[in-house]
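2 protein chains.
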Amino acid sequence: MKVLVAGYGNVGKAFVKLIFEKKGKLEELKDIEIGGIVNRKGIMVGYKDQFTVDIEGDVFTAYEKIKPDIVVDTMSANYKDGNPSLSLYKLALKDGTSVITTNKAPLALAFNEIMGLVGKGRLGFQGTVMSGTPSINLLRILPGSEVKRIRGILNGTTNFILTMMYNGQPFESALKEAQRLGYAEEDPTLDINGFDAAAKLTILVNFAMKKSVTIRDIKFTGIQGIKGAYDGHKKVKLIAYADENEIEVSPKVLTPEDPLYHIDGVENALEIMTDIQTTIIRGPGAGPINAAYGAFSDLILLKRNFI
Amino acid sequence: MKVLVAGYGNVGKAFVKLIFEKKGKLEELKDIEIGGIVNRKGIMVGYKDQFTVDIEGDVFTAYEKIKPDIVVDTMSANYKDGNPSLSLYKLALKDGTSVITTNKAPLALAFNEIMGLVGKGRLGFQGTVMSGTPSINLLRILPGSEVKRIRGILNGTTNFILTMMYNGQPFESALKEAQRLGYAEEDPTLDINGFDAAAKLTILVNFAMKKSVTIRDIKFTGIQGIKGAYDGHKKVKLIAYADENEIEVSPKVLTPEDPLYHIDGVENALEIMTDIQTTIIRGPGAGPINAAYGAFSDLILLKRNFI
Chain A
1 MKVLVAGYGN
11 VGKAFVKLIF
21 EKKGKLEELK
31 DIEIGGIVNR
41 KGIMVGYKDQ
51 FTVDIEGDVF
61 TAYEKIKPDI
71 VVDTMSANYK
81 DGNPSLSLYK
91 LALKDGTSVI
101 TTNKAPLALA
111 FNEIMGLVGK
121 GRLGFQGTVM
131 SGTPSINLLR
141 ILPGSEVKRI
151 RGILNGTTNF
161 ILTMMYNGQP
171 FESALKEAQR
181 LGYAEEDPTL
191 DINGFDAAAK
201 LTILVNFAMK
211 KSVTIRDIKF
221 TGIQGIKGAY
231 DGHKKVKLIA
241 YADENEIEVS
251 PKVLTPEDPL
261 YHIDGVENAL
271 EIMTDIQTTI
281 IRGPGAGPIN
291 AAYGAFSDLI
301 LLKRNFI
Chain B
1 MKVLVAGYGN
11 VGKAFVKLIF
21 EKKGKLEELK
31 DIEIGGIVNR
41 KGIMVGYKDQ
51 FTVDIEGDVF
61 TAYEKIKPDI
71 VVDTMSANYK
81 DGNPSLSLYK
91 LALKDGTSVI
101 TTNKAPLALA
111 FNEIMGLVGK
121 GRLGFQGTVM
131 SGTPSINLLR
141 ILPGSEVKRI
151 RGILNGTTNF
161 ILTMMYNGQP
171 FESALKEAQR
181 LGYAEEDPTL
191 DINGFDAAAK
201 LTILVNFAMK
211 KSVTIRDIKF
221 TGIQGIKGAY
231 DGHKKVKLIA
241 YADENEIEVS
251 PKVLTPEDPL
261 YHIDGVENAL
271 EIMTDIQTTI
281 IRGPGAGPIN
291 AAYGAFSDLI
301 LLKRNFI
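Residue numbers (UniProt numbering), protein chains in the order written: chain A, 1 to 307; chain B, 1 to 307.
What the hints contain is simulated information worked out from the structure, not anything from laboratory work. This one's a predicted model, so the numbers in the text were calculated from it and none came from an experiment. Do not rely on the hints blindly, as some may be mistaken.
One copy or any two copies: either way a pair holds, since identical chains are not told apart in the list.
[Said to hold, decoys possible] Straight line, CA to CA, 25 Å or less: simulated BS3-like cross-link-like pairs of lysine-lysine:
| no. | residue 1 | residue 2 |
| --- | --- | --- |
| 1 | Lys23 | Lys148 |
| 2 | Lys80 | Lys219 |
| 3 | Lys67 | Lys176 |
| 4 | Lys210 | Lys30 |
| 5 | Lys227 | Lys65 |
| 6 | Lys252 | Lys148 |
| 7 | Lys90 | Lys303 |
| 8 | Lys120 | Lys67 |
| 9 | Lys120 | Lys25 |
| 10 | Lys13 | Lys65 |
Kindly produce the complete structure, drawing on both the sequences and the hints.
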């Protein structure tokens, strides 16, 4: 099966590396072949260790040229219109080609439109929420239960900053430290203002609670302008929350009894309350290897016909 | 598809109830039919709300009579030889009949022997470890990663008692309270001495780490005879642990930095460290509805061809 890797930044590179590392160890990878990789410079046909442009062109040229069985999208998010990813998914799914993505934007903008095209072509999107820590795929193994409520810490950057602030640092220096360690981007706006967490919440809510919402419907407040992250033993955390009546990202004051209180630094966590029980999962929410594993696990599960 | 429910105690009843509650809501249940239920009194052919013996006989008579497509085993554990469950699984799997179980004993005694018979007949066993909280099935969605280490709180009874002891109660009254609330059995030996946690660890280690061990190979120490469960801010927890060199259940002193420190009462938790990342899941580890959901989720996943 031919895979087209779209985007060849840190996540794309880690994904390709993982495929080659695990090949030979996994039955499911035997017939997997990296048919091509495309980035902003052009298209590399096949995999040759170092990226060298074989053909000028974009993801659509690559798609036509390589005719992949699976598209793996590791491109960065474009929240304006979701493109080129969104158009690529539609094209692929209509062809019966599967899509695996770590790119939140298309799903946060047009979840149900994309899902409506899933058929022979499947859609894996574990990597869009909590990267390699099962969130979307955790919901897949809780079948037949009704999700009543979701609460989560879904953005590692803000959680890292809030943890530093809880430990006494002011916001500005905590942000600088996050940038120094590579946890925050040069322009950290979409993390800080809650938008990134809201995009992830959008995807979760559509998938788990059968709502039909886009990122534009979600209320979000970030951590810009908060004065402190502690109040005695209490901690401030940026909480993504959804129940029957409410979908919102906002800073909340948590007490030590709350399981999410103990999630510090860049770790993420998700609490899923169903009609049966409450389950909480925690793990790394970002990092190239982790996001790559999100896509990698989707690939294996797709080959096992579970996705 | 005809289901034979073996065992009709709290878990068996909750399972059958769940099937009827969710029927009509789930595509996967459309063709599911409770072909029969068997308990110590005899066999009820079909489902009639109240158990009434239609035929005298045991699980093997029931199996021959009903010719099920899926056997759901909710019988209690027999650690002497695993029977009648173990013989029933062998019979069923050899026939290509699938088995879903919440009964730890056969798998703790003969994991690889049973697994060797899986083919057309599949095996679901989520309910044997942490009941409805994904543990076995969580490992299924972490494909292609190598599990390096497992740590868990896998027994709710002892964790409840240790939590009471941490709060100042002596062992004996904590045990009585656990019994009063239905968290401990009349004879709590197998919980208290670590055997139950060791049985679960055995199953996890075989499945996740590709070891070939039985419950008889596992070192276990329980909480009988421990003097206290606190030491300043530290807590004593009964930890199931496995890595490359060691497989053991024993009481450990944990500091507040340890994610397992915060798991109190009857809650269970499992930490899975792989070559990629560390994931922690927590949720109820016991309870008839939760164990029934473990089997129920296996049934749906089996119908989706994931198990």
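Hints versus structure:
In this homomeric assembly, Lys23 and Lys148 come within 25 Å of each other (Cα to Cα) only across copies, at 19 Å, whereas the closest approach inside a single copy is 40 Å. Taking identical chains as interchangeable, the C-alpha atoms of Lys80 and Lys219 lie at most 25 Å apart only when both belong to the same chain, with a minimum of 18 Å there against 58 Å between chains. With identical chains, the CA atoms of Lys67 and Lys176 are never at most 25 Å apart, being 44 Å at best within one copy and 67 Å at best between copies. Taking the shortest alpha-carbon separations for Lys210 and Lys30, only the inter-copy value of 21 Å comes in at or below 25 Å, while the best intra-copy value is 36 Å.
Proximity of Lys227 to Lys65 under the C-alpha cut-off of 25 Å is found in neither arrangement, the shortest distances being 54 Å within a copy and 71 Å between copies. For the homomeric pair Lys252 and Lys148, the shortest alpha-carbon distance inside one copy (20 Å) is at most 25 Å, but the shortest distance between copies (36 Å) is not. For the identical chains of this complex, Lys90 and Lys303 are intra-copy neighbours only, at 21 Å inside a copy versus 28 Å across copies, given an alpha-carbon limit of 25 Å. Within a single copy, Lys120 and Lys67 get their C-alpha atoms as close as 15 Å, which meets the 25 Å cut-off; across copies the closest is 34 Å, which misses it.
In this assembly of identical chains, the alpha carbons of Lys120 and Lys25 lie at most 25 Å apart only when taken from different copies (24 Å versus 27 Å within one copy). Within a single copy, Lys13 and Lys65 get their C-alpha atoms as close as 21 Å, which meets the 25 Å cut-off; across copies the closest is 57 Å, which misses it.
This entry does not satisfy hints 3 and 5, going by the numbered hints stated previously.
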